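2 protein chains.
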Amino acid sequence: MAEQFPVVTLDSDALQAATLLAENRLPGLIVTDADGKPYAVLPASQVVKFLVPRYVQDDPSLARVIDEPDADRAAEKLSGVSVRKLLPDKPERPAELPVVQADDTVLEVAALMARLRCPLVVVVDGGQILGAITASRLLELAVRH
Amino acid sequence: MAEQFPVVTLDSDALQAATLLAENRLPGLIVTDADGKPYAVLPASQVVKFLVPRYVQDDPSLARVIDEPDADRAAEKLSGVSVRKLLPDKPERPAELPVVQADDTVLEVAALMARLRCPLVVVVDGGQILGAITASRLLELAVRH
Chain D
16 MAEQFPVVTL DSDALQAATL LAENRLPGLI VTDADGKPYA VLPASQVVKF
66 LVPRYVQDDP SLARVIDEPD ADRAAEKLSG VSVRKLLPDK PERPAELPVV
116 QADDTVLEVA ALMARLRCPL VVVVDGGQIL GAITASRLLE LAVRH
Chain L
16 MAEQFPVVTL DSDALQAATL LAENRLPGLI VTDADGKPYA VLPASQVVKF
66 LVPRYVQDDP SLARVIDEPD ADRAAEKLSG VSVRKLLPDK PERPAELPVV
116 QADDTVLEVA ALMARLRCPL VVVVDGGQIL GAITASRLLE LAVRH
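Sequence order for the protein chains is D and L.
Each residue of the first sequence is one higher than the one before, starting from 16 at the first, in the numbering used here.
Each residue of the second sequence is one higher than the one before, starting from 16 at the first, in the numbering used here.
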């Protein structure tokens, strides 16, 4: 039930990762370590968060008083940055990875997705990444039955 | 910058809503009240959560021991249920709605999305729903600049 999904590594370029998310309208990307092992799922919303300056995160009303040209320069923040920098800080990072086995059932995938509140889970088979399952893909599988 | 997005009401059929999410591979749906006013955003992951029986949510290891046919019957749970039932319980529901105005800047939308951790925000103009902006759509707007 897995679908092919773009994979980036911790050292991939953040702007490239954001472009992948944007062009394919994905809810997230699979991030691997240098050995190709699943390391994290990077939700698109996490990249959006990275674009918001810290002082606006702390005081959202400031977003209203920043000139549009400044706001539009948000993407510049991604240039020359690695995907590693986009991931939540260690204490915020869930200890459990959203990874399922190729032979897991719809219910097992749903249970993991619900528990981790993640937009997609990585599907592996013998350590190899086969692809991912998004929440809407899972609903497709569930509704079809 | 808004895009057209399916809208359901609190009283819409839950199975129909799940089918909309599945067929259009959407990260969520806009939910309105009976007057057509935005009431909530229903993330696809929330519908997935609804499919997982309470005892599996409490003890995820049980998902492994349930027979596949039972797991596949998950969608039956959605039949004859209203969208209202899919939304998180009141105490869990964020007090603030993910709604932006048509003339808000990319940064304002990003700040709201980051704060509410929602996969999409509703765009309104004078009380009228124009559509929605997903996280990946917002990245598209940011990266393009």
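If you're looking for bench data, these hints aren't it; they were derived computationally from the structure.
As the structure is a prediction and not an experimental result, all values here were calculated from the model.
It is possible that part of the hints are untrue.
Copies of one chain are not kept apart here, so a pair can be met inside one copy or by any two copies together.
[Claimed, not checked] As a list, the in silico SDA-like pairs of lysine to any residue whose alpha-carbon atoms are at most 25 Å apart:
| no. | residue 1 | residue 2 |
| --- | --- | --- |
| 1 | 64 | 117 |
| 2 | 52 | 81 |
| 3 | 100 | 140 |
| 4 | 64 | 112 |
| 5 | 64 | 17 |
| 6 | 64 | 80 |
| 7 | 52 | 74 |
| 8 | 92 | 158 |
| 9 | 64 | 26 |
| 10 | 92 | 25 |
| 11 | 64 | 24 |
| 12 | 64 | 111 |
| 13 | 100 | 114 |
| 14 | 64 | 139 |
| 15 | 64 | 110 |
| 16 | 52 | 114 |
| 17 | 52 | 158 |
| 18 | 64 | 141 |
Do the hints match the structure? See the list:
1. In this assembly of identical chains, residue 64 and residue 117 lie within 25 Å of each other by CA distance solely across copies; the values are 20 Å between and 32 Å within a copy.
2. Taking identical chains as interchangeable, the C-alpha atoms of residue 52 and residue 81 are never at most 25 Å apart, the minima being 41 Å within one chain and 29 Å between chains.
3. For a Cα distance limit of 25 Å, the shortest separation of residue 100 from residue 140 qualifies neither inside one copy, at 28 Å, nor across copies, at 36 Å.
4. In this assembly of identical chains, the alpha carbons of residue 64 and residue 112 lie at most 25 Å apart whether taken from the same copy (21 Å) or from different copies (18 Å).
5. Within a single copy, residue 64 and residue 17 get their C-alpha atoms only as close as 28 Å, which misses the 25 Å cut-off; across copies the closest is 19 Å, which meets it.
6. With identical chains, the CA atoms of residue 64 and residue 80 are at most 25 Å apart within one copy only, with a shortest distance of 18 Å there and 38 Å across copies.
7. For the homomeric pair residue 52 and residue 74, neither the shortest alpha-carbon distance inside one copy (38 Å) nor that between copies (27 Å) is at most 25 Å.
8. In this assembly of identical chains, the alpha carbons of residue 92 and residue 158 lie at most 25 Å apart only when taken from different copies (10 Å versus 41 Å within one copy).
9. Proximity of residue 64 and residue 26 under a CA criterion of 25 Å is satisfied intra-copy only: 19 Å inside one chain copy versus 33 Å between copies.
10. Only within a single protomer do residue 92 and residue 25 lie at most 25 Å apart by alpha-carbon distance; the minimum there is 17 Å, versus 39 Å between protomers.
11. With identical chains, the CA atoms of residue 64 and residue 24 are at most 25 Å apart within one copy only, with a shortest distance of 20 Å there and 29 Å across copies.
12. Proximity of residue 64 and residue 111 under a CA criterion of 25 Å is satisfied in both settings, with 22 Å inside one chain copy and 18 Å between copies.
13. In this assembly of identical chains, the alpha carbons of residue 100 and residue 114 lie at most 25 Å apart only when taken from the same copy (21 Å versus 29 Å across copies).
14. Proximity of residue 64 and residue 139 under a CA criterion of 25 Å is satisfied inter-copy only: 22 Å between copies versus 28 Å inside one chain copy.
15. Taking CA atoms no more than 25 Å apart as the test, residue 64 paired with residue 110 passes in both settings, with 21 Å inside one copy and 20 Å between copies.
16. With identical chains, the CA atoms of residue 52 and residue 114 are at most 25 Å apart within one copy only, with a shortest distance of 11 Å there and 38 Å across copies.
17. In the homo-oligomer, the alpha carbons of residue 52 and residue 158 never lie at most 25 Å apart, since the shortest distance is 31 Å inside one protomer and 28 Å across protomers.
18. Within a single copy, residue 64 and residue 141 get their C-alpha atoms no closer than 34 Å, and across copies no closer than 27 Å, so neither meets the 25 Å cut-off.
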